[in-house]
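Protein chains: 2
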Amino acid sequence: MIGVDWGTSSFRAFRLGPDGAVLERRADSRGLLSVADGRFADTLGEAVGDWIAAGEARVLLAGMVGSRQGWREAPYVPCPAGGAELAASVIAVPFEGASVRLVPGVSALDAAGVPEVMRGEETQIMGVLGAPGMDGLVCLPGSHSKWVEVRNGRIAGFATHLTGEGFAALRGHTILGRMMREGPADIDGFDRGLARAGEPGGLLHHLFGVRTLGLTGRLAETAAAAYLSGLLIGHELRAALGSDAGGLVVDLIGAPALCDLYARGIGALGGRVRRHDEDAAAQGLAAIGGMTQWD
Amino acid sequence: MIGVDWGTSSFRAFRLGPDGAVLERRADSRGLLSVADGRFADTLGEAVGDWIAAGEARVLLAGMVGSRQGWREAPYVPCPAGGAELAASVIAVPFEGASVRLVPGVSALDAAGVPEVMRGEETQIMGVLGAPGMDGLVCLPGSHSKWVEVRNGRIAGFATHLTGEGFAALRGHTILGRMMREGPADIDGFDRGLARAGEPGGLLHHLFGVRTLGLTGRLAETAAAAYLSGLLIGHELRAALGSDAGGLVVDLIGAPALCDLYARGIGALGGRVRRHDEDAAAQGLAAIGGMTQWD
Numbered sequence: 004m005i006g007v008d009w010g011t012s013s014f015r016a017f018r019l020g021p022d023g024a025v026l027e028r029r030a031d032s033r034g035l036l037s038v039a040d041g042r043f044a045d046t047l048g049e050a051v052g053d054w055i056a057a058g059e060a061r062v063l064l065a066g067m068v069g070s071r072q073g074w075r076e077a078p079y080v081p082c083p084a085g086g087a088e089l090a091a092s093v094i095a096v097p098f099e100g101a102s103v104r105l106v107p108g109v110s111a112l113d114a115a116g117v118p119e120v121m122r123g124e125e126t127q128i129m130g131v132l133g134a135p136g137m138d139g140l141v142c143l144p145g146s147h148s149k150w151v152e153v154r155n156g157r158i159a160g161f162a163t164h165l166t167g168e169g170f171a172a173l174r175g176h177t178i179l180g181r182m183m184r185e186g187p188a189d190i191d192g193f194d195r196g197l198a199r200a201g202e203p204g205g206l207l208h209h210l211f212g213v214r215t216l217g218l219t220g221r222l223a224e225t226a227a228a229a230y231l232s233g234l235l236i237g238h239e240l241r242a243a244l245g246s247d248a249g250g251l252v253v254d255l256i257g258a259p260a261l262c263d264l265y266a267r268g269i270g271a272l273g274g275r276v277r278r279h280d281e282d283a284a285a286q287g288l289a290a291i292g293g294m295t296q297w298d
Numbered sequence: 004m005i006g007v008d009w010g011t012s013s014f015r016a017f018r019l020g021p022d023g024a025v026l027e028r029r030a031d032s033r034g035l036l037s038v039a040d041g042r043f044a045d046t047l048g049e050a051v052g053d054w055i056a057a058g059e060a061r062v063l064l065a066g067m068v069g070s071r072q073g074w075r076e077a078p079y080v081p082c083p084a085g086g087a088e089l090a091a092s093v094i095a096v097p098f099e100g101a102s103v104r105l106v107p108g109v110s111a112l113d114a115a116g117v118p119e120v121m122r123g124e125e126t127q128i129m130g131v132l133g134a135p136g137m138d139g140l141v142c143l144p145g146s147h148s149k150w151v152e153v154r155n156g157r158i159a160g161f162a163t164h165l166t167g168e169g170f171a172a173l174r175g176h177t178i179l180g181r182m183m184r185e186g187p188a189d190i191d192g193f194d195r196g197l198a199r200a201g202e203p204g205g206l207l208h209h210l211f212g213v214r215t216l217g218l219t220g221r222l223a224e225t226a227a228a229a230y231l232s233g234l235l236i237g238h239e240l241r242a243a244l245g246s247d248a249g250g251l252v253v254d255l256i257g258a259p260a261l262c263d264l265y266a267r268g269i270g271a272l273g274g275r276v277r278r279h280d281e282d283a284a285a286q287g288l289a290a291i292g293g294m295t296q297w298d
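Taken in order, these protein sequences are the chains called A and B.
With positions in the first sequence counted from 1, the corresponding number in the numbering used here is that position plus 3.
With positions in the second sequence counted from 1, the corresponding number in the numbering used here is that position plus 3.
Note that these hints are calculated values from the structure, not bench results.
Even glycine gets a Cβ: it sits at the ideal position worked out from N, Cα and C.
Be aware that one or more of the hints could be misleading.
Below, a sample of chain B positions facing chain A; criterion: calculated Cβ distance under 7 Å [what the hints assert, rightly or not]:
(1) Val25
(2) Leu26
(3) Leu35
(4) Val38
(5) Thr163
(6) His164
(7) Ala172
(8) Leu173
(9) His176
(10) Pro203
(11) Gly212
(12) Gln296
(13) Trp297
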């Protein structure tokens, strides 16, 4: 089987063995944004046509390719959703020479009834916690960080935080960015921001402190971006975990450098992490593909 | 006496009677950013030279003109600071034909020891609460909203929130702005954002809800900016006042449309407001000028 994690700006393909082992892999920049005029079938053929010619007859696609902006919309499956629910809701798209299916996203309501959506993350989660009966809290940090509660191997609910994108907007487009200079990673600045998030006053007040600490010479220009990052991640962690995460274990999926920061923040609150790399997507595609009705 | 509120992008001059009454006023766009090569004296002469020629010999300037980026730096006066402390720390600058003084800014430390600064707002506050013995909480909403505690007619402490600038960055430079369309003021959208701020999950999570409510058709594109504004102002108010402001009276100084929104938010928490227009600056300049040693 072929599994593809196809996002807005990335395309990662895996040739998977019957046991889910990754036999071969490819990554390039054929993200949705690079696909003109709905040429998804052609793009897929260019990317993995040789694998199909060599005998792979099943292709499972996850990620934004299944959104309204993608190949075709695979409607969100409401929580609770596990591998079986996802596999039962895959959507077929026409393709010459292979069966191609799109994995749906997952929707939820938060505690106050506000809707939540994910697309792509559900597949990574299935790769990590897809075993029936497994419970846990999964965090996928990023532009839109996801905190996912898994119960009995199904996604029970989740909450998204606009942390990464908020960081970029605040750094790039407010007065805070004007006092920032590139420099080596400043883990001390990050830790200070993280600690600040636990003090009273609220995030909007803490943000202004990035400026005043700089103005008064108490925060170096090369440490200010790390401080801002710690501040935002610290607020996210406290909202997701409370101020005491003692005894809690969080499954962390994402880019290693970003997961380092989250692991550090979760540790500062007393919690522990289990780390998974982005190959979780390959494992999830294999798991969902194994439950999919292909004919 | 002549009083001038001279900010980064604005210039407002008042000709003041001995009792502080505004005899004449002028406002234009001669803000700091428009003054080239340090030509502050020339600019002042162009703006109010006729008033000086007609006999006004004292000119008091407040605002960013007293910052490092202005005419000359008038160092911050630490809290507690009232009219007497401000008047004792004015800085003279050379000017042909009149005595010209710069009002200093005010600095503080927040509860956690993080520095705070204001410049310009101290003069507006003196215009509103300058009377000795007056106590209260003053809010000056804006790009960098100030919450100021006044005790015995002096600024005892204050906290700044990056609300207005954060709003502009999030609206202009994140995915949230892509689902916003201009429309008539949507007070219902604002109220919904305000209420959302009182729900669990934290600001970064609430921000993502602007997107999902839009995606699911539960928030109109023309209401989304108002919702985001309510969300941020709601978080600011709860950080500044707590979730119950019953019995509290806040003195509100600023642009009328923005003060409308803050008054609405403070009212929703059970508090009341006293409103002051931006002429507070004129009253503050008169008050500080009356205590200044001019010779």
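So, going through the hints one by one against the coordinates:
This hint is violated: valine 25/B has a C-beta 32 Å from the nearest C-beta of chain A, more than the 7 Å allowed. Interface restraint check for leucine 26/B: the shortest CB-CB distance to chain A comes to about 36 Å, outside 7 Å, so the restraint is violated. Of the supplied interface hints, the one on leucine 35/B is violated, with its beta-carbon coming no nearer than about 14 Å to a beta-carbon of chain A, more than 7 Å. For valine 38/B, the shortest C-beta to C-beta distance to chain A is roughly 19 Å, which exceeds 7 Å, and the interface hint is violated.
Interface hint at threonine 163/B: satisfied, since its Cβ lies 4 Å from the closest Cβ of chain A, which is below the 7 Å cut-off. Because the beta carbon of histidine 164/B sits about 4 Å from the nearest beta carbon in chain A, less than 7 Å, this interface hint is met. The beta carbon of alanine 172/B is positioned within 7 Å of a beta carbon in chain A (closest approach about 4 Å), and the interface hint is therefore held. Among the interface hints, the one on leucine 173/B holds; its C-beta lies about 6 Å from the nearest C-beta in chain A, closer than the 7 Å criterion.
A least Cβ separation of about 4 Å between histidine 176/B and chain A falls short of the 7 Å threshold, and the interface hint therefore holds. The interface hint given for proline 203/B is met, as the beta carbon of that residue sits about 6 Å from the closest beta carbon of chain A, less than 7 Å. Taken as an interface hint, glycine 212/B checks out: its beta carbon lies about 4 Å from the nearest beta carbon of chain A, inside 7 Å. For glutamine 296/B, the interface hint is violated, since its Cβ never comes within 7 Å of a Cβ in chain A; the closest pair sits about 29 Å apart.
Nearest Cβ of chain A to the Cβ of tryptophan 297/B: about 31 Å, over the 7 Å cut. The hint is violated.
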